[in-house]
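Residue numbers (my numbering), protein chains in the order written: chain H, 1 to 563; chain G, 1 to 563.
Because the hints were derived from the structure by calculation, they are not lab data.
Hints may contain errors.
A pair counts as met if it fits within one copy or between any two copies, since identical chains are not told apart.
DSS-like mimics (lysine-lysine), calculated; alpha carbons at most 25 Å apart, straight line [claimed, not checked]:
#, residue 1, residue 2
1, Lys306, Lys387
2, Lys303, Lys100
3, Lys387, Lys95
4, Lys303, Lys88
5, Lys34, Lys126
6, Lys430, Lys253
7, Lys77, Lys260
8, Lys126, Lys399
2 protein chains.
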Amino acid sequence: MRLSQFHLHTTKETPSDAELTSHRLMLRAGMIRKLASGLYTWSPLGLRVLRKVERIVREEMERAGAVEFQIPTIQPKELWESTGRWEKFGPQLLKIKDRKEQVFCYSPTAEEAAADFARQELSSYKQLPVNFFQIQTKFRDEIRPRFGVMRAREFLMKDAYSFHLHDDCLVREYENMKAAYSRIFTRLGLDFRMVQADSGAIGGDASQEFHVIAESGEDALVFSTGSDYAANMEAAIAAAPGERPAASEAQRKVETPTQKTCEAVAALLGLGLERTVKSIAIMSTDGFVLALVRGDHEVNEIKLGKVAGLQGYRMASEAEIATHLGSEPGFLGPLNPAQPIRIVADRDVAALADFVVGANEAGFHIAGVNWGRDLPEPEVADIRNAKEGDRAADGGELKIARGIEVGHVFQLGRQYAQALKATVLDENGKAAVMAMGCYGIGISRIVAAAIEQNHDEAGIIWPAAMAPWQVVVCVINPKQDEAVATAAAELLAQLQAAGLDAALDDRGLRPGQMFADMELIGVPHRVVVSERGLAAGTYEYRSRSASEAESLDRDALLGRLAG
Amino acid sequence: MRLSQFHLHTTKETPSDAELTSHRLMLRAGMIRKLASGLYTWSPLGLRVLRKVERIVREEMERAGAVEFQIPTIQPKELWESTGRWEKFGPQLLKIKDRKEQVFCYSPTAEEAAADFARQELSSYKQLPVNFFQIQTKFRDEIRPRFGVMRAREFLMKDAYSFHLHDDCLVREYENMKAAYSRIFTRLGLDFRMVQADSGAIGGDASQEFHVIAESGEDALVFSTGSDYAANMEAAIAAAPGERPAASEAQRKVETPTQKTCEAVAALLGLGLERTVKSIAIMSTDGFVLALVRGDHEVNEIKLGKVAGLQGYRMASEAEIATHLGSEPGFLGPLNPAQPIRIVADRDVAALADFVVGANEAGFHIAGVNWGRDLPEPEVADIRNAKEGDRAADGGELKIARGIEVGHVFQLGRQYAQALKATVLDENGKAAVMAMGCYGIGISRIVAAAIEQNHDEAGIIWPAAMAPWQVVVCVINPKQDEAVATAAAELLAQLQAAGLDAALDDRGLRPGQMFADMELIGVPHRVVVSERGLAAGTYEYRSRSASEAESLDRDALLGRLAG
Numbered sequence: 001m002r003l004s005q006f007h008l009h010t011t012k013e014t015p016s017d018a019e020l021t022s023h024r025l026m027l028r029a030g031m032i033r034k035l036a037s038g039l040y041t042w043s044p045l046g047l048r049v050l051r052k053v054e055r056i057v058r059e060e061m062e063r064a065g066a067v068e069f070q071i072p073t074i075q076p077k078e079l080w081e082s083t084g085r086w087e088k089f090g091p092q093l094l095k096i097k098d099r100k101e102q103v104f105c106y107s108p109t110a111e112e113a114a115a116d117f118a119r120q121e122l123s124s125y126k127q128l129p130v131n132f133f134q135i136q137t138k139f140r141d142e143i144r145p146r147f148g149v150m151r152a153r154e155f156l157m158k159d160a161y162s163f164h165l166h167d168d169c170l171v172r173e174y175e176n177m178k179a180a181y182s183r184i185f186t187r188l189g190l191d192f193r194m195v196q197a198d199s200g201a202i203g204g205d206a207s208q209e210f211h212v213i214a215e216s217g218e219d220a221l222v223f224s225t226g227s228d229y230a231a232n233m234e235a236a237i238a239a240a241p242g243e244r245p246a247a248s249e250a251q252r253k254v255e256t257p258t259q260k261t262c263e264a265v266a267a268l269l270g271l272g273l274e275r276t277v278k279s280i281a282i283m284s285t286d287g288f289v290l291a292l293v294r295g296d297h298e299v300n301e302i303k304l305g306k307v308a309g310l311q312g313y314r315m316a317s318e319a320e321i322a323t324h325l326g327s328e329p330g331f332l333g334p335l336n337p338a339q340p341i342r343i344v345a346d347r348d349v350a351a352l353a354d355f356v357v358g359a360n361e362a363g364f365h366i367a368g369v370n371w372g373r374d375l376p377e378p379e380v381a382d383i384r385n386a387k388e389g390d391r392a393a394d395g396g397e398l399k400i401a402r403g404i405e406v407g408h409v410f411q412l413g414r415q416y417a418q419a420l421k422a423t424v425l426d427e428n429g430k431a432a433v434m435a436m437g438c439y440g441i442g443i444s445r446i447v448a449a450a451i452e453q454n455h456d457e458a459g460i461i462w463p464a465a466m467a468p469w470q471v472v473v474c475v476i477n478p479k480q481d482e483a484v485a486t487a488a489a490e491l492l493a494q495l496q497a498a499g500l501d502a503a504l505d506d507r508g509l510r511p512g513q514m515f516a517d518m519e520l521i522g523v524p525h526r527v528v529v530s531e532r533g534l535a536a537g538t539y540e541y542r543s544r545s546a547s548e549a550e551s552l553d554r555d556a557l558l559g560r561l562a563g
Numbered sequence: 001m002r003l004s005q006f007h008l009h010t011t012k013e014t015p016s017d018a019e020l021t022s023h024r025l026m027l028r029a030g031m032i033r034k035l036a037s038g039l040y041t042w043s044p045l046g047l048r049v050l051r052k053v054e055r056i057v058r059e060e061m062e063r064a065g066a067v068e069f070q071i072p073t074i075q076p077k078e079l080w081e082s083t084g085r086w087e088k089f090g091p092q093l094l095k096i097k098d099r100k101e102q103v104f105c106y107s108p109t110a111e112e113a114a115a116d117f118a119r120q121e122l123s124s125y126k127q128l129p130v131n132f133f134q135i136q137t138k139f140r141d142e143i144r145p146r147f148g149v150m151r152a153r154e155f156l157m158k159d160a161y162s163f164h165l166h167d168d169c170l171v172r173e174y175e176n177m178k179a180a181y182s183r184i185f186t187r188l189g190l191d192f193r194m195v196q197a198d199s200g201a202i203g204g205d206a207s208q209e210f211h212v213i214a215e216s217g218e219d220a221l222v223f224s225t226g227s228d229y230a231a232n233m234e235a236a237i238a239a240a241p242g243e244r245p246a247a248s249e250a251q252r253k254v255e256t257p258t259q260k261t262c263e264a265v266a267a268l269l270g271l272g273l274e275r276t277v278k279s280i281a282i283m284s285t286d287g288f289v290l291a292l293v294r295g296d297h298e299v300n301e302i303k304l305g306k307v308a309g310l311q312g313y314r315m316a317s318e319a320e321i322a323t324h325l326g327s328e329p330g331f332l333g334p335l336n337p338a339q340p341i342r343i344v345a346d347r348d349v350a351a352l353a354d355f356v357v358g359a360n361e362a363g364f365h366i367a368g369v370n371w372g373r374d375l376p377e378p379e380v381a382d383i384r385n386a387k388e389g390d391r392a393a394d395g396g397e398l399k400i401a402r403g404i405e406v407g408h409v410f411q412l413g414r415q416y417a418q419a420l421k422a423t424v425l426d427e428n429g430k431a432a433v434m435a436m437g438c439y440g441i442g443i444s445r446i447v448a449a450a451i452e453q454n455h456d457e458a459g460i461i462w463p464a465a466m467a468p469w470q471v472v473v474c475v476i477n478p479k480q481d482e483a484v485a486t487a488a489a490e491l492l493a494q495l496q497a498a499g500l501d502a503a504l505d506d507r508g509l510r511p512g513q514m515f516a517d518m519e520l521i522g523v524p525h526r527v528v529v530s531e532r533g534l535a536a537g538t539y540e541y542r543s544r545s546a547s548e549a550e551s552l553d554r555d556a557l558l559g560r561l562a563g
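The following block holds chain H by itself, in its conformation from the complex (with noise of 0.2 Å):
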């Protein structure tokens, strides 16, 4: 390949509405330019790394065993609405009339239409398992498409769909795929880490996510020091407390006049942040109900979601406060509400003595508090975020990472097989509703993960399999010297039959421009054929990881770059 013959673009300017520094970079070395909001179209060099990404994906589905399909796009709002996710998918599902008025939607993910499929290829328990997965296109309508292809509406996306007959089986292909997943990153050279997630939206059984570390990562991510375990902040849990010491003081009734928040009323009593209890007032379908955490815990909204009752809750308004608590916000607490209400104490929560709640009067907090003393034996529940210095379960401490989601697979179960119903006769010829996998890798925000993790204030640093080129051959002066320019191409034929994926820039620019673009893009390496180095029998070679640049001879630049 000779750059003089792809269509290299890079630009100096950093466009002012990209914060990230992927979306900065991308934009600058030219990969992807916007058509309209959260809508990229991806040049020669952008695509040549997606590409690079899609084709490990495709390699390792198809070594686990996955075999290649595809969905169209446009797919009917009926099949959406057959499982209930027309409703439930909101406003990300961009939805589409055609000519005769007839509903359709740009898929965002697939379950519907691969048990739709499934349904209509599979009939016999023989033919399973199967796992189908395709690398296509997808559309969410993102509310803030923002970050360029980070969250882009339009994106690449490997999705694939697993079929069984009994639970065991299903298990046995998740546990598959996350091996098959774990390849895709190592081959990738990202550092990533697979934890244990919340399903959310997509619902099931059983999910893990992966995710590439990132500083600018949008999800904390909980590790534990005493083992592999790792958990998306939604889904992360600390050892339970220890025991509930017993109740040495009294109840008493403190004036905090301007003190609203556990931190003021922490430090006017000299008390440690642990000691208060926040109380959280919220509205379920089934009425009011004060959640509690520890003053120095915040809420986990995902697992107080999930308590008995409080599916789909919200925050109680300033009326719903004065009616049930006969307080404002600010001194809110469990004891003496104007009306009976729910108490729902978080496990650390329920372990204290003697702490300070709000006393539901404006200006009041009460102290010494206790359970079984002054209040009832709490509702208890985790219900908070894990927090960096937690004990774990293991024994160990939770370190708190961040994290770019890149990849989730998840135990559905039979829900969307059920709704479709989509059956096979199993061994005794009877129709069993099929158990489904689901396991997808967001193959373009990969792209941008990978450069959040790995650049510097040249450019880029892309992992060797991702990089454009591994190595690009940059010649000096390649229209006033023949000699030079044979020589380069010469090399880049040696380094091709080598096995590598190398590039000659010949595009004639001023050796400074030619190496801050190569620095930009991200090249792995960099060898400069030019006359001193000619009449010197040397190439001058610099890894995008090196301060310097060598000299080297030909046998040495060829044994370096194959090893």
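Add chain G to chain H, keeping to what the hints say.
Just chain G now, kept in the frame of chain H:
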């Protein structure tokens, strides 16, 4: 590849709504499944064939110097309005409103978006020429989607857009693309022809189509025996007629009480049909026009619409005919109209003497009519379809065959770039609007077209390059007979080592069922490994196109398949 691990699902039933052979065979072979009207899921088998076509198209586009990029499928209305095509494309354009009520379409082609990308990326003539291509799902909201993937609404297309400073550069790239297309269809193993075409809705200066020859083709193609002249019927031109003979008859009114067609009038008068003239009454934006073609010819609506002033014409109503000609249909003619009218005569009508026309009076025609004597010399144009047996301009004879359009190349000129202000600085530093070419291939349609051209009663007969596998090794009793299974696996490895795309049919089906499947899905070469064959040291080999199987030893088999 082992077929027991690949999802293959053939069926015997022929769906009632599948009219076309390729549609029926693709459904029976299990290559596609219908999701909704005009929307098909590609099964693993179908996708395997589709990807083979895609790969060849990509390789040849790259060999021809084009670079791949990717434009979003969802494109903003404003972009399409800038060239007037939002309206012009009509209801085929699938229109979409997003959650913010912004209006988009699903790209049916991408001239605007490509020109928009070029506007952002290209600033200097030094970056030219460049040819960007993509292989991508497109959508056209066909009013009557049918024939399976032959005319699906969602389909896979290769579209390319080239940019040039000068017209001669565009012409060179156009020729380069024509050569690339010929290589593509040659490699695919298809009987194809390149024909001159009308540019239609895309517009531009010159265009040619590539057709797969097949009896079921929707398009009539016209060839000359005298040269390589070939054209779509829309654009085909016969040789100009010879000189007009001298008038030899007097004009006379003849009674034709029930003779409303040229055929009936010719029969009544005992004249050749070529002496009669058909009058077609149309309304242009400037008013009533009478178009004349010989009784044995058919008017060509595309050619007629290209006559000055007739763009966008429509057929005249009976009332309009009565007003302008004073007659009812069946007896129309250019003589004695009720009002002065414009007359456009086909070249062959202008070359007639002593001809017959309607009298503009119910029940009468006029014979012995002559130009210059009975009528002023007419406005002349080629407005008829070419006809089998016509003389060609090159002196040969015109022949007609039917074809399926699978590719189309256009010299667009500057209309799109002008509308989108896609300019570069030229050699003199002045802004110059770029010239554009565009080049399409219907990748999914090629699959159906290949089947239309290559099939028999047993099923599909794939050309080697498109076959899901070149050779399948069929194992008799793989589960009962370990020696046979082992020998088959060894043979598979040898075939693969010889570079063949080979698979093993280890599904354990009965031989007849297995062979019928292989014939239906069109595998070019079938090898049977059986206990009896092993004992004799032979394999049963059958080519898909041969009527009989042969017994071959291993060397002979490998020699045959490698050859």
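A quick look at each hint next to the structure:
no. : hint            : result
1   : Lys306 x Lys387 : within (20 Å within a copy, 75 Å between copies)
2   : Lys303 x Lys100 : neither (44 Å within a copy, 32 Å between copies)
3   : Lys387 x Lys95  : neither (40 Å within a copy, 48 Å between copies)
4   : Lys303 x Lys88  : within (20 Å within a copy, 53 Å between copies)
5   : Lys34 x Lys126  : between (48 Å within a copy, 24 Å between copies)
6   : Lys430 x Lys253 : neither (68 Å within a copy, 83 Å between copies)
7   : Lys77 x Lys260  : neither (49 Å within a copy, 52 Å between copies)
8   : Lys126 x Lys399 : neither (46 Å within a copy, 54 Å between copies)
Comparing the model with each numbered hint stated earlier shows that hints 2, 3, 6, 7, 8 do not hold.
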